[in-house]
Amino acid sequence: MAVTTSTTVANWLLSEAMSTLALDPLRGKLVLMKLLNMSDISGRSTKNRKIRKKTAIAAAVDDTENAAFSSPATFGVDSNITITPTTKVQGVQVTTDAVELSLPGATRASVIAAIQSNAPESVPFIRDVMTEILEAHYLRAETDGMALFSGLSESVGTTNTTLSFATLLSALLGVLDNNPASEDLAFVLDEVGVSHLRALAASGSGAALSTIFTSGAQLDFFAHRPDVSRDGSRGGFAGIPIFAGNKAIMATANAAVDRVGALIVAGRGETGTPGSIRGFAEMSERYAPSLGFQYDLADDTLLAVGRWCWAVGEHTDEHGNKIIYRAT
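Using this note's numbering, you'd call the opening residue of the sequence shown number 1 and step up by one each time.
It is possible that some hints are incorrect.
Here are the simulated distance ranges between beta carbons [to be verified]: (1) ASP184 / THR131: 56 to 62 Å; (2) GLY269 / GLY151: 19 to 25 Å; (3) SER150 / THR87: 46 to 52 Å; (4) ASP296 / ASP177: 56 to 62 Å; (5) THR95 / ASN118: 37 to 43 Å.
With a cut-off of at most 20 Å between alpha-carbon atoms, the simulated PhoX-like pairs for lysine-lysine come out as follows [as the list claims (entries may be wrong)]: (6) LYS88 / LYS47; (7) LYS247 / LYS47; (8) LYS54 / LYS247.
I should point out that these hints are in silico values taken from the structure, not numbers from a laboratory. Note that beta-carbon positions come from the ideal geometry of N, C-alpha and C, so glycine has one too.
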């Protein structure tokens with residue numbers, strides 16, 4: 001019979017790991033999460049996040065003297081948007097070598113004991129493990145968020161066609177023509193789409209920017225520069241930032257011939273608070289990331305498991321425009 005001991009990492013150790021991850025220049029790109037609204041429903045009586053939508057009313061009508069007003073508009077609540085957070089779990093089996101090398105000069109037994117007792121000397125080891133697990137959870141969040149692009153009803157672009165500036169302008173018109181509550185916009189593409197635009201900016205027929213900027217001095221806004229912040233920033237177009245995500249987690253269309261990007265209204269903060277902006281989508285969290293270690297004496301294995309309860313959901317369809325372009 002296996003004998004196990006377990007521990008849950010203290011909050012301050014988890015914070016240490018998350019802080020280090022935020023400053024790590026080699027971490028994966030986190031493009032979309034910062035562009036979504038965030039809400040916390042921890043401790044609430046319901047496990048669902050319901051977002052109320054008002055019914056639209058028409059403009060005011062002319063008053064008629066000596067006639068009673070008889071046609072009031074109905075002010076009601078349309079069908080709610082419901083986001084149901086679910087628990088995502090990821091675990092890593094820690095190798096014997098990883099345990100032995102985590103604290104130079106310490107024995108395996110002392111390392112395990114330090115982890116189980118939340119001792120400060122275990123922070124470097126826990127931080128490394130937590131970084132890997134957090135990356136896995138963030139990757140899932142990015143994947144689920146970008147999957148929402150495929151569900152947007154507005155769409156621009158043609159299948160198996162390289163991305164063009166004309167397509168971006170069409171997406172911009174589509175979003176602005178819907179009179180969005182906010183015009184804090186962002187393009188989310190992949191590096192292939194950005195490459196299409198770079199090539200068109202330098203040469204090409206029709207809509208090439210080189211025909212507009214005759215001196216060529218303006219063309220460097222798509223020049224490559226290191227993405228130090230790891231947020232996918234690749235420049236801008238028409239005053240709107242362009243972010244390049246990981247193509248491995250972006251949706252495809254038409255039998256994977258095309259990539260699905262989007263122009264979205266970005267969200268900021270929690271939509272229930274003053275000054276927040278309702279973006280195209282929201283990430284609702286029911287409890288924050290947690291990490292636990294379990295050591296099996298019989299198998300001589302150390303298992304780290306991280307859990308996080310959240311979900312993403314579309315806020316309002318008119319706050320986004322799907323962009324279809326060739327995936328290669």
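Going through the numbered hints above, which ones does this structure break? Give me the numbers in ascending order. 1, 3, 5, 7 and 8
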